[in-house]
Every structure is written in structure tokens, then in C-alpha cells.
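So the chains spell out like this:
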Amino acid sequence: MFPAIIETERLRLEPRTPEYVDALDVYEHCKQGAPHIDEVTEHLPWDPHQTPNETAAFLERGAERREAREQVDYVIRTKGDENGAGEIAGFGGLTFDWDTDSAELGTWLRKPFWGRGYSGERALALCELAFDHLDIGVVAVTHDAGNENSARAIEKYIDRMDGRREGTLRSFHAGDPPRDAVRYSVTRAEYRDADPDYEVAFYDEDGEPWP
Amino acid sequence: MAVSEKLFPDLIETDRLRLSRVGADSVDPLALYEHWGENAPDIEATTEHVSWDPHSHPHSVAETLERAIERTEDGDGSMFLLRPRDGEPKAGSIAGTAGLFISWDRRLAVFGMWLRKPFWGRGYSGERADAMFELAFDHLDLDVVRVSHVPENGNSERAITKYVDRHGGRRAGRFRNRVSFEDGSIHDTVEYSVSQREWRDADGAETAVSFLE
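Going down the list, the protein sequences come from chains A and B. So in our numbering the end of the first sequence lands on 211, straight run, no missing numbers. So in our numbering the end of the second sequence lands on 213, straight run, no missing numbers.
Bear in mind the hints are in silico, worked out from the structure with no lab data behind them. Computed from a prediction, not measured in an experiment: that's the story for all the values here. It is possible that some hints are incorrect.
[As the list claims (entries may be wrong)] Covered, in the sense of this in silico footprint (three residues per stretch, anywhere, with C-beta under 8 angstroms from a C-beta of chain B), are these stretches of chain A:
| id | region |
| --- | --- |
| 1 | 100-112 |
| 2 | 133-144 |
| 3 | 166-177 |
| 4 | 180-192 |
Note that the Cβ used here is the ideal one computed from N, Cα and C, for glycine as well.
Taking the hints into account, I'd like the entire structure generated from these sequences.
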């Protein structure tokens with residue numbers, strides 16, 4: 001039901017499953033002590049991994065949720081001439097709430113890949129998947145109230161799709177203390193009217209055009 | 001009695017209402033079915049904007065009550081039956097229900113409410129809210145109370161805006177495709193929240209509230 005490979009102008013996305021990405025490679029970037037890991041995870045709902053076993057479980061959950069059509073998450077790599085081409089840049093995907101005809105975007109990038117517009121590129125590609133192929137009515141995204149970098153990136157791409165900032169939901173995430181989240185959304189109609197300009201191509205497991 | 005059940009009072013009294021906790025109040029499902037059944041007076045109007053459908057048999061009323069009791073035993077919230085006190089019209093009859101849904105790891109409570117039509121427009125929702133805020137903040141030491149309504153529900157919007165303002169809270173905004181109802185329909189919500197600090201600073205209760213065993 002989902003494409004295996006998503007290619008944008010500068011990015012290549014592959015499924016977050018043990019088949020497509022090695023747990024030890026991912027562990028290097030999300031383990032305790034990995035470069036900038038505390039900065040990367042400051043506003044994210046997970047902590048740096050303590051063992052490769054945690055990372056392997058993270059990939060297995062990715063495969064399970066994909067199989068159950070609860071979530072489709074991709075490992076993000078840069079292509080061609082981009083700095084760090086071929087390296088793991090981060091992850092990004094959609095979490096589905098079929099009952100409300102909606103999906104939520106989620107992503108994280110390693111620090112060397114910040115500030116290059118990759119988040120928006122990934123978001124537009126996933127919105128095309130959600131709206132044009134999966135017939136989702138609303139795509140939503142939240143960021144921690146204190147996360148200025150995410151706020152900037154999200155406002156920019158939500159604006160390109162004529163979506164809107166909805167408001168702040170207090171105590172949205174569990175924790176000590178619980179954290180507030182700012183929520184944004186874009187509807188299929190808004191996305192179609194905005195008709196944002198970007199490149200994306202979908203492929204199946206064999207590299208054939210999808211769907 | 002489960003230890004968690006002791007977190008929630010059996011009975012709360014405000015100036016005009018008695019709120020008795022489902023579980024402590026062994027209400028007969030058949031009595032509630034008279035108000036929640038498909039043929040109950042005004043049931044279409046009173047359930048138009050709520051997530052649940054009118055009950056098609058008393059058994060599903062009993063199940064709803066059992067789920068409420070389970071929630072209390074798990075420490076995750078309570079359901080109270082609202083009855084007007086002596087001196088009020090229709091004193092002693094069931095006027096509605098008030099729910100409290102708790103997420104401890106977020107230190108958050110969510111309000112729920114259903115009121116029979118003859119009891120609309122009397123400010124009972126605000127009076128119940130005064131009691132629930134005191135329970136959530138003063139007794140349970142939660143940080144935030146959240147409440148929402150669907151955008152089409154003007155009555156709830158008026159009632160909620162009034163008591164949220166009075167208690168120092170705020171309207172967060174309109175959130176799209178946020179809930180689905182039992183009938184499969186999908187709705188936006190308008191959400192509000194009040195923090196414990198805002199509630200204390202505002203000191204906005206308009207009724208005395210007492211908790212009884």
C-alpha cells in the first residue's frame with residue numbers, strides 16, 4: 001500500500017525497516033554520545049539509545065507499523081552532489097489516524113543536515129503521498145512549543161501548502177514536566193489549491209514506478 | 001474498594017447540584033436508560049454534538065457504567081451523576097452526567113459533560129466545572145485541564161467560554177479532523193485549557209464546593 005522508495009530533488013527515502021537500513025549504522029547516529037545527539041533529541045519524544053538493541057527494536061517497530069498500516073516511516077539520505085550524500089540524514093514519515101481521515105508528519109534530522117530545507121522537501125513529498133495516493137483529508141504536524149528550528153521549518157512548508165497554524169495544546173506530551181505542542185494542519189483542498197511546485201517520484205521494491 | 005477509587009470523592013455538593021460518583025452511587029442502568037435510550041425525550045438534541053449515540057438497549061448503558069467504574073478503579077477518572085438539590089426545579093432527578101478523564105503522565109484532565117434538555121440554560125455546566133476544577137487541581141494536583149467542543153455546538157461554546165474565562169484559562173484554537181464519533185463521523189474541535197496556576201490566580205469559582213465520603 002506504500003511506496004518503497006521516494007525520491008525528491010535532493011533526497012532519497014527508504015523504508016525504516018531492517019531490510020533497508022542497518023541497525024548498527026543507525027545506532028552510530030542516535031546513540032548516547034553521538035555528535036550533537038543531545039541537541040538533536042532536545043525537543044523529540046525519545047532519548048538517545050543506550051544499546052544497539054534499542055536501535056534494532058526501533059527498526060522492527062518501523063516494519064511492524066508499516067505492515068499494520070499505522071505508520072510509514074523512512075530513512076532519509078541525501079543524493080548526488082549534496083554534502084554527506086548517501087549518509088543517513090535522519091528519518092521522516094506519516095502516522096495514520098484512519099478514523100479521523102488524518103495523518104501526522106514526524107521527522108528528525110542529524111545536525112549537519114539542518115538548515116538546508118530538507119525538512120520541507122520531505123514534508124511536501126509525504127503530503128503528496130497522503131493526499132494524492134492515500135486519500136487522506138487532513139495532514140497535521142506538531143512541534144514542541146520551545147522548538148524554534150522546527151517552528152521555522154514547519155511554518156514555511158505549511159505556508160507553501162496554504163495550511164494553517166491551529167494553536168498550542170498544553171501538556172500534549174508526557175514527561176517531567178509534560179510538554180506543550182503547537183499544531184498545524186493542511187487539508188487536501190488547501191494543498192490542491194496551493195499546488196506547490198516540487199519534485200517527487202515514487203518507486204516500488206523493485207525500483208519500478210509506484211503505484 | 002480499590003485504592004485508586006479513594007482518589008475520587010463519592011459525592012460532591014455545590015450550591016445547587018449534587019454530583020454522585022458512578023460506583024459509589026449504584027444507579028440502576030434502567031433508570032439511566034430512560035434518559036439515554038433511543039426513545040428518550042429530546043435525545044436527538046442532547047446527543048447531537050457528543051461522541052456517543054443514543055443507547056439501543058439497557059445492556060449498553062450498563063456497559064458504559066461498568067467502564068466508568070473500571071476507569072475509577074484504574075485511577076484514570078470518574079463519572080458523576082448530576083442531580084439538582086432541594087429547592088431547585090426537579091430536585092433529585094438525574095439532570096446529566098459529568099466525566100473526568102485523566103492522563104497522569106501528562107498531569108492532565110479532560111472534562112466531559114452531558115445534560116438533559118430541561119436543565120439547559122441554568123448554568124449547571126459552569127457550576128459542575130467549578131467542582132471538577134477543584135477536584136482536578138486541589139485534590140489530584142494535576143497541571144492542566146482541557147475541554148473541547150465541536151465547532152457547531154454553540155451552547156457548549158457559550159458555556160465553556162464563560163467558565164474558562166472565569167477560571168483564567170484560554171482558547172487554544174480550532175483543530176481539524178481531531179475526533180471521530182461512535183457513528184463514524186469526523187469532526188474538528190475547539191479546544192480550551194486552564195492551568196492549575198491560572199485557576200488559583202483567578203479564584204473564579206461562583207459556588208461553594210464540598211467533597212463528601
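Structure-based check of each hint:
| no. | hint | result |
| --- | --- | --- |
| 1 | 100-112 | holds (count 3) |
| 2 | 133-144 | holds (count 3) |
| 3 | 166-177 | holds (count 11) |
| 4 | 180-192 | holds (count 3) |
In the structure shown, no violation is registered for any of the earlier numbered hints.
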